[in-house]
Amino acid sequence: MKYKKKLITLFMIIASLTGFNSLYSVLTMSQYKPDSYFQKPYFTQDYFTDISCIFSGGFANSAYNNNNNKVAFLQQFGTEDLLKKFVDTTLPSNNIESFGQGLLSGNFHLREIILSSYKNIVRGFFIEGSTAIQDLSINNIDVNFVQTAVPLSQEQLIYLERLQQKLPKSMNQAGMFTTAFYAGYHATYSNFTHLDFIDFQIKTGMMSPQAMYDTNQSLVQFPFIQNINFGYPVIATATIGILDWMTIGCNGAVIPWQKAMGTIPMNNSFSQNNLLMPESGVAFLQRGPLFSTSIYFEADHIHQGYSTIIAYCYTRNCSYTITPIDTINIQKALVNESQLLNAWSLGSVYVQFDIDFACETTPSAPVLSVFCHIPVAGQLCTETNIFGGSCSLQVSYAF
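In terms of our numbering, the sequence shown is residues 1 to 399.
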C-alpha cells in the first residue's frame, strides 16, 4: 500500500512538472480569447484519473467592433477624445476640453498554461479541479489623430506629441486567471443497433476570480473587463458514435456570475472615452451571464493512435453593470455608457490533432495533442489566434 501511494504521488509530480494534459475543465474564454481546450465527455472507467496540462500562445493585430466589423486592435471601441488634461496636469479632473479625436493602436500577445486533474469515483460520478495561468501583453501602443480634411494646428501637434510621450509603449498583466472545482456525472450507452455509443456528461462547480498583476499602466486601460467575479458554471456535453472511428458531438455551458466589488476604471464625464481613462473608483461589478456552445466532428483513432477534431464554437457574454459606491461624485448613468461594458460575442473554428501512445501493454502512456483556435466572427472582442499543445497522463487507482 505504501508503495502504491508513493507511485501515485510520483505520477502526479511528474505530470505537474512536465505538462500532461487532456484538459477539459476550466472555462478560460474571455473578451480577448477563445477557449484553449475543448469540452467533451470523459472516460467512464471507475477510479480512472487524468492528470493534464495545456500550454498555448496567441496573438492579435485586429479586433471586432460593435458592428461585427474587423478593425485594428485597440480601435474596436471607436475614437477617443484626446483631452488636454491628459498632458496638462494643472487642469482640473472634470475638465473635458479636447484638442481632437484619435485612435489607439497596438498588438496583443498571450501565453497560457492550464493544469488540471479529474478523478472518476464510482457509478459515473467524478470530481475535478484545475487552474489557469496567463501572461497578457499589449505592445507598440500609440495614438494618432483621426484623419480629417481640416489641417491640424501647431498646438494640436504639440499636444499629440506630448501625449504620445506620456503613453506607455507596453502593458502587461500576469497571474492566475481562475481556479475551478467541479463535480459531475457521466455515462456511456452502447446497446444500439445502428449507433456505436452515446456519451453524456454534466458537471457544475465554482470558478474563482483572477489574481493577476498589472505593470506599465497609466491612463490607458486594458481593452477588456477583468475577471473579478465568482462564477458558477453548468456544463453539459454529448457525443454520438456513428461508426467505430466517427463521432459527432455538442456541448453547452452557462455561467452566472456573482456580484463583486473592486477598484474599476470609470469614465465619469461626458467624453466618449473607453480606453483613455485615468480615473477609477470602488464599485460593484455585475457581470451578465456567459453562454457557450459548440458542435464538433471527431475522427477517433483513424490510424493507430491518431485522432482529429474539427469544431465550431460560439460564446456570448451579456452586458456588465457598474454601481459606484460613491454615488454623490460618480454618476452611474455616465460610467455605464462605456462600450467596454456592452455584451460581446466570439465565433471560432477549432482544430485538434491527437496521438495516443496507450496500448494493452502500456495503458497509462500519455496522449499528445496540438491545436489551433481561429476566430471567424465577433462583436467587441479581440481576434486572437490561439496555437498550443497538450499532454495527458491516465492512471487508475482506488483511494
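Mixed in with the good hints there might be a few duds.
With a straight-line cut-off of 25 Å between C-alpha atoms, the simulated SDA-like cross-links for lysine to any residue are [what the hints assert, rightly or not]: (1) Lys166 - Pro278; (2) Lys85 - Ile328; (3) Lys259 - Thr323; (4) Lys84 - Phe270; (5) Lys85 - Ser98; (6) Lys70 - Thr323; (7) Lys85 - Pro324; (8) Lys169 - Met277; (9) Lys259 - Leu290; (10) Lys169 - Leu219; (11) Lys169 - Ala211; (12) Lys332 - Phe230; (13) Lys332 - Gly262; (14) Lys169 - Glu279; (15) Lys84 - Ser271; (16) Lys259 - Glu279; (17) Lys259 - Phe181; (18) Lys119 - Ala183; (19) Lys332 - Val71; (20) Lys166 - Asn94; (21) Lys84 - Glu337; (22) Lys169 - Asn144; (23) Lys169 - Gln226; (24) Lys166 - Pro151; (25) Lys259 - Lys166; (26) Lys259 - Thr131; (27) Lys70 - Leu341; (28) Lys169 - Phe59; (29) Lys166 - Glu97; (30) Lys85 - Gln101; (31) Lys332 - Pro278; (32) Lys85 - Val150; (33) Lys70 - Lys166; (34) Lys85 - Lys70; (35) Lys332 - Thr293; (36) Lys166 - Asn95.
Simulated from the structure, these hints should not be mistaken for laboratory data.
To see whether the hints hold, each was checked on the structure:
The straight-line distance between the Cα atoms of Lys166 and Pro278 is roughly 12 Å, inside the 25 Å bound, and the hint therefore holds. Taking the CA atoms of Lys85 and Ile328, the gap is near 23 Å; set against the 25 Å cutoff, the hint holds. For the proposed pair Lys259 and Thr323, the alpha carbon gap of about 10 Å is at most 25 Å, so the pair holds. A threshold of 25 Å between alpha carbons decides the hint, and for Lys84 with Phe270 the separation of about 14 Å falls inside it, so the pair holds.
The suggested pairing of Lys85 with Ser98 holds, with an alpha-carbon distance near 8 Å, which does not exceed 25 Å. Among the hinted pairs, Lys70 with Thr323 is inconsistent with the structure: their alpha-carbon atoms are about 31 Å apart, more than 25 Å. A threshold of 25 Å between alpha carbons decides the hint, and for Lys85 with Pro324 the separation of about 23 Å falls inside it, so the pair holds. Taken as a hint, the Lys169 and Met277 pair is honoured in the structure, with Cα atoms around 16 Å apart against an allowance of 25 Å.
This hinted pair checks out: Lys259 and Leu290 have alpha carbons roughly 14 Å apart, not beyond 25 Å. A threshold of 25 Å between alpha carbons decides the hint, and for Lys169 with Leu219 the separation of about 12 Å falls inside it, so the pair holds. The straight-line distance between the Cα atoms of Lys169 and Ala211 is roughly 24 Å, inside the 25 Å bound, and the hint therefore holds. With a C-alpha separation of about 23 Å, the suggested pairing of Lys332 with Phe230 holds against the 25 Å cut-off.
Between Lys332 and Gly262 the CA atoms are separated by roughly 15 Å; this keeps the pair inside 25 Å, and the hint holds. Between Lys169 and Glu279, the direct Cα distance comes to roughly 20 Å. Compliance with the 25 Å bound is thereby established for this hinted pair. Only pairs whose Cα atoms come within 25 Å are accepted, and Lys84 paired with Ser271 is accepted, the gap being roughly 12 Å. A C-alpha spacing of about 22 Å is found between Lys259 and Glu279, which places the hinted pair at or below 25 Å, so the restraint holds.
This hinted pair checks out: Lys259 and Phe181 have alpha carbons roughly 19 Å apart, not beyond 25 Å. Proximity of Lys119 to Ala183 is assessed by CA-CA distance (about 10 Å); at most 25 Å being required, the pair is judged to hold. For the hint pairing Lys332 with Val71, the CA-to-CA distance comes to about 29 Å; that exceeds 25 Å, so the pair is violated. With a C-alpha separation of about 20 Å, the suggested pairing of Lys166 with Asn94 holds against the 25 Å cut-off.
The straight-line distance between the Cα atoms of Lys84 and Glu337 is roughly 22 Å, inside the 25 Å bound, and the hint therefore holds. At roughly 14 Å between alpha-carbon atoms, Lys169 and Asn144 fall within 25 Å of each other, so this suggested pair holds. Taken as a hint, the Lys169 and Gln226 pair is honoured in the structure, with Cα atoms around 21 Å apart against an allowance of 25 Å. This hinted pair checks out: Lys166 and Pro151 have alpha carbons roughly 24 Å apart, not beyond 25 Å.
In summary, the hint linking Lys259 to Lys166 is not supported, as the alpha carbons are separated by about 35 Å, beyond the 25 Å threshold. A C-alpha spacing of about 21 Å is found between Lys259 and Thr131, which places the hinted pair at or below 25 Å, so the restraint holds. Note on Lys70 and Leu341: the hinted pairing holds, with a Cα-Cα distance of about 19 Å set against a maximum of 25 Å. At most 25 Å may separate the alpha-carbon atoms for a hinted pair to count; Lys169 and Phe59 meet this at roughly 17 Å.
Of the supplied pair hints, the one linking Lys166 and Glu97 holds, its CA atoms being roughly 18 Å apart against a limit of 25 Å. Taking the CA atoms of Lys85 and Gln101, the gap is about 14 Å. The hint holds against a cut of 25 Å. Between Lys332 and Pro278 the CA atoms are separated by roughly 17 Å; this keeps the pair inside 25 Å, and the hint holds. In summary, the hint linking Lys85 to Val150 is supported, as the alpha carbons are separated by about 23 Å, within the 25 Å threshold.
A hinted pair counts as satisfied when its Cα atoms are at most 25 Å apart, and Lys70 with Lys166 does not qualify at roughly 28 Å. Proximity of Lys85 to Lys70 is assessed by CA-CA distance (about 31 Å); at most 25 Å being required, the pair is judged violated. Taking the CA atoms of Lys332 and Thr293, the gap is near 33 Å; set against the 25 Å cutoff, the hint is violated. Under the criterion of a C-alpha separation no larger than 25 Å, the hint pairing Lys166 with Asn95 is consistent with the structure, at around 19 Å.
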